[in-house]
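Enquirer: Sequence:
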Amino acid sequence: MKNYNRNRQGQGFNKNYGYNKKDNRPSTSQPQGLQVFVRDGEDINRALRKLKKKIEAAGVLKEIRDRQFYEKPSEKRRKAKKAGIMRWKKRQKELEKF
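When the letters of the sequence shown are read in order and numbered with our numbering, they come out as residues 144 to 241.
These are computed hints drawn from the structure, not numbers from a lab.
Small disclaimer: the values here were computed from a predicted structure and weren't measured.
Fair warning: there could be bad hints in the mix.
Per label pair, the in silico range of CB-to-CB distance [said to hold, decoys possible]:
1. Arg-210 to Phe-180: 38 to 46 Å
2. Ala-223 to Gly-176: 22 to 30 Å
3. Ala-200 to Lys-233: 21 to 29 Å
4. Ile-198 to Lys-219: 22 to 30 Å
5. Val-203 to Arg-182: 22 to 30 Å
6. Phe-241 to Lys-196: 39 to 47 Å
Okay, derived cross-link-like pairs now, EDC-like style, lysine to aspartate or glutamate, Cα gap no bigger than 20 Å in a straight line [stated by the list, open to error]:
7. Lys-195 to Asp-209
8. Lys-225 to Glu-214
9. Lys-196 to Glu-185
10. Lys-219 to Asp-209
11. Lys-197 to Glu-185
12. Lys-222 to Glu-206
Think of the CB as a built atom: it goes at the ideal place given N, C-alpha and C, for glycine as much as any other residue.
Take these sequences, add in the hints, and give me the full structure.
Expert: In structure tokens:
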């Protein structure tokens with residue numbers, strides 16, 4: 144049987160939390176977020192429409208709605224299965240037209 148080292152010092156672990164020290168460092172990557180560049184004289188409503196399209200494409204609002212309340216994994220699977228069945232039925236209905 145292998146000896147278990149409870150101390151874990153020297154293995155790259157933070158002795159207080161058990162996390163790797165590299166994980167606690169701030170990331171040097173670019174800041175995350177959506178940006179819309181507005182030119183001089185451009186209408187603000189146009190810029191808002193651009194931002195709205197980017198938010199929709201990124202799925203930000205959908206993620207916020209999904210995270211608003213906890214959903215059990217079994218409920219997620221059930222919803223995904225139901226959505227798949229609905230997509231299949233819709234495809235079958237479209238194929239019947241021809």
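Enquirer: Please list, smallest to largest, the hint numbers that this structure does not respect.
Expert: Of the numbered hints given earlier, those the structure breaks are 1 and 6, listed in rising order.
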